[in-house]
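Undergrad: The whole structure should be built from the sequences, with the hints applied where relevant.
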Amino acid sequence: MKPLSVPERLTKDRFLLDEEQCHIEVDQEIAKATGTGKLLVACCPAHVYAEEADGTISVEYAACLECGTCLAIAAPGALKWHYPRGGFGVQFREG
Amino acid sequence: MTQAAEPDFEVIVIGAGIAGCVAAYQLARQGRSVLLIERGEAPGSKNLSGGVLYSRGIQQVFPDFRDEAPVERRITRNYINFLNADSSVAIDYKDARLADPVNAVTVLRAKLDAWLSEKCEEAGAMIMPGVRVDRVLTEGPRVVGVQAGDDELRAHVVVAADGVNSFIAKEAGLRQKEPLNHLAVGVKSVISLPRETIEQRFNLTGDEGAALAVVGDCTQGVGGGGFLYTNLDSLSVGIVVRLDDLTAKQKVVTDIFDHFLQHQFIAPYLEGGELLEYGCHLVAEGGLHMVGEIVMDGMVVVGDAAGLTLNTGLTVRGMDLAVGSAVAAAEAIGDALDRKDTSKAVLARYRDKLFASYVGQDMKTYAKAPHFLEAERMYKQYGELLANVLYGAFSLDTQPRQHLLKVARKSLARSPLRMGQLVRDGIAGARAL
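Protein sequences, first through last, are from chains A and B. Just so we're aligned, residue 20 is where the first sequence starts under our numbering, counting upward by one. Just so we're aligned, residue 9 is where the second sequence starts under our numbering, counting upward by one.
Relax, there's no trap hidden among the hints.
Below are the DSS-like pairs computed for lysine-lysine, each with C-alpha atoms no more than 30 Å apart in a straight line:
hint, chain 1, residue 1, chain 2, residue 2
1, B, 376, B, 102
2, A, 99, B, 178
3, A, 21, B, 259
The set of hints was computed from the structure by calculation and includes no laboratory data.
TA: This is the structure we're talking about:
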């Protein structure tokens, strides 16, 4: 059985998207200089982070599962990450 | 003055997980005015765990837990598995004594925590879902309440039960950024399967359940392990990998997860199942070394937020420690409110009670476990060695047999492990676990 892709898996989850506020912000320069960018791409289970052709890190904050791994591995200053505003973000039905 | 004159509530609890709900419930039962704030749209909706709750502690808090709480299965079968690419060696421990009194149950937190918060409400606590606490309010060194958006709410005591990331404890200066060897990421799928299929595949009857703990090839050599737990009509399957090792080995976490799900000895359990939900969670792995300051003027920290998790090699615990810490905190807060003194000096009884209880005692007993379990040998070479010894015993290739001891020596000689290391690990393991 071939496992589902991460985007396919995420379609099973319930999200309430905060369209006004993004809760994640990458400092591109620090992310690049410290190697944090590549770590974010590798360590996020929801594939929120992707490396673009020009080397910058894009952020798909709507897919965030709010584990906090990115913040734990990020070099100082490379990432601003907080929980989404109250009532928004992933809403687990199993957990 | 040690307390504000008229706060909005006597106690404000941040986070409706297990620690927060148990603390709120115990305090409400004491007759305190309690507000429980939860950032999810409903209690439980932000909460996720691997899924095994050692339930003797929570049973004491809620006498109707066994009969009323939405738990999945009673764990009577513990399966400890060394997994290699083409071989697997396991201890299959099944015991009827684990069924009664109930020792451990599988849970799905969105369901369990919703029930817990209902119990809080019945006991008189007020629940405020869909609200994120942005920071605690302070006056000098003292926490006097919380701020959520434009709202300020005041209390004699704030309980930070906001989980492993605890922004609250960090901002209050009680916790620093953790070193990466103190943290792991868990990735989990909940996969639906018919009840009968689960019972057949795992050799279970009724509401009996199985917990498989897996080390070795499941994490592609990265420190950590895999798990597979039976729910009533679904499976919780996942990996937990230490962040220092994951980043050092430059692995992609979802590749490891896929590798585990596709492993030839794991995939058959999942065959035909349908994904219900995908989630992840940060796991505290530092043991006792991660438990720092958990008390300050006007605030205590409980559960995951206090770093209270334990991996003993055989059992992986967090939720039962959350219960124990909440019970200890509620007692200490009650005493402090009675004395009208919620200063750090009086609230410090929480720490005393915690370390007098099974929670603190077990954290101390297993203080050396995290370091022991960091050794790469545990995740790779030992499983291969075991399988090679057994292969030597079972593979009857028409050559004359050798005694098992000789087979074991040969396997060891071919393994990168050395006898001295084996002995040292044996002794260290006996001391740490």
